[in-house]
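Novice: The residues making up each chain are set out below.
2 protein chains.
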Amino acid sequence: MPALTLTSLEEVPFIRHGDDLADIILASLIGMQLELLDGDILVLTQKIVSKAEGRLIEIASVTPSKAALRHAGICGKDPRLVELILRESKSVLRVRPGLLIVEHRLGFVCANAGIDHSNVQAEDLNPSEWVLLLPEHPDDSAERLRVALRKRTKRTLGIMIIDSHGRAWRNGTEGVAIGLAGMPALVDLRGQHDLFGQELLTTTVGVADELAAAASLLMGQADEGTPVIHVRGFPYPLREGSLSEIIRPEREDLFR
Amino acid sequence: MPALTLTSLEEVPFIRHGDDLADIILASLIGMQLELLDGDILVLTQKIVSKAEGRLIEIASVTPSKAALRHAGICGKDPRLVELILRESKSVLRVRPGLLIVEHRLGFVCANAGIDHSNVQAEDLNPSEWVLLLPEHPDDSAERLRVALRKRTKRTLGIMIIDSHGRAWRNGTEGVAIGLAGMPALVDLRGQHDLFGQELLTTTVGVADELAAAASLLMGQADEGTPVIHVRGFPYPLREGSLSEIIRPEREDLFR
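As you go down the protein sequences, you meet chains A and B in turn. Every letter in the first sequence is one number past the one before it in this note's numbering, and letter 142, counting from 1, is 142. Every letter in the second sequence is one number past the one before it in this note's numbering, and letter 73, counting from 1, is 73.
Just chain A, with the same shape it has in the complex (with noise of 0.2 Å):
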């Protein structure tokens, strides 16, 4: 009976730059009594990644340039906040009263270049003065992780790092990767024939963004509440991943 079960990481705490997520991991998966095994992936919300790597930035220090400031004025955010966007980001796709659709510098299409106030209020800081920048390189953020646990577990894991991204046509955010390590972004299924059989196509499927959605089902918006969730019964072999191979390049995208 194939089953794909994911959990929510109990006890958790509030994560502070410096801190180390495989021993914050492995406390709770012990207090669980969950024992991790070969082919499980572990899926972390962005939010606690950049916390530990210390991507909070406080607004006061950053001076807006020109560019920010014309943004500003259409879509109505803080010049400041726009200013990190646009450090952030490698393109401005869409500016409108509240609203600011970059590529961000990783590649992928989202609104605000992922940055968030939200969780600031748990380190004892002004939430109008802090904002959370998405973790610098997530893949090795990912990579880092697995390691890490690798060394003290000895087991083969997946490792994601998500967030949640708008998208184009359909209404509703949906949990997407943002970095990965040692699990598949993509697999290609063959097998699939043309409508008249003459030429053998493949189907790509978005296996990562597929589990970052399920994964995204169960944090919820929560701030703190369930920022790890473990997966098991991922139904693919696990092996390098990465990021780049869900980004479509520019030059291959219809719909910018």
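Keep in mind that the hints were calculated from the coordinates and are not lab data. Not one of these hints is a red herring.
Short derived list, chain A residues pointing at chain B, Cβ under 7 Å:
#1 Ala168
#2 Asn171
#3 Gly172
#4 Glu174
#5 Leu186
#6 Asp209
#7 Ser216
#8 Arg248
#9 Leu254
Keep in mind it's a predicted model, so treat the numbers as computed, not measured. Just so it is clear, CB atoms sit at the ideal spot from N, CA and C, and this is done for glycine as well.
Place chain B on chain A using the hints.
Specialist: Here is chain B on its own, set in the frame of chain A:
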């Protein structure tokens, strides 16, 4: 320990026109000794719903229009197939060699209006001559199944019909809801402040699509392998729901 468990239903037979999906699902669940509980959700691939509803079309019966011939000249697909795609669509968004992306009459954006040739082999039909359209009204299909299952089990269930869609910006297909009943498509999560605390915003999460992605992961692309997934632990209350919640109206969509 909040957990979400997805289980593939076993021994679901090839589905044919007129089959009673409620019968077939209950027989499978009994064989697996898996009893439905209030709050459970059943996720079905569109293929078996379409087949039960007799949505197979013989391609030889189709005469292409001038518009179909014109688009077929660009995308290189069979003009009769293009004719069917156009009949199932409100508008054409992009046509390129090998690619035809439309707004489906049901409102979502997808390739080829979701028309599929696979599974046709199981019907002892020539796969080069038959194609499968999406269910005519997937919300209604889901509601009929929900009512039938409630009658027989007395359980309050959610039902979702899913397909795999390509996406803007990101490689890889992902499972998405194309019809649902008895469950939310979106959930509004309050409590997010604006980055400067001046405004209370709502974050709308695409929970049905997140669950569709999770179920799709277990279904794989196997034509007849695992067309129904049982879900336990969906973390939101069930309610009436509809695909229409998810469809972003063209006037609000910045990426068409």
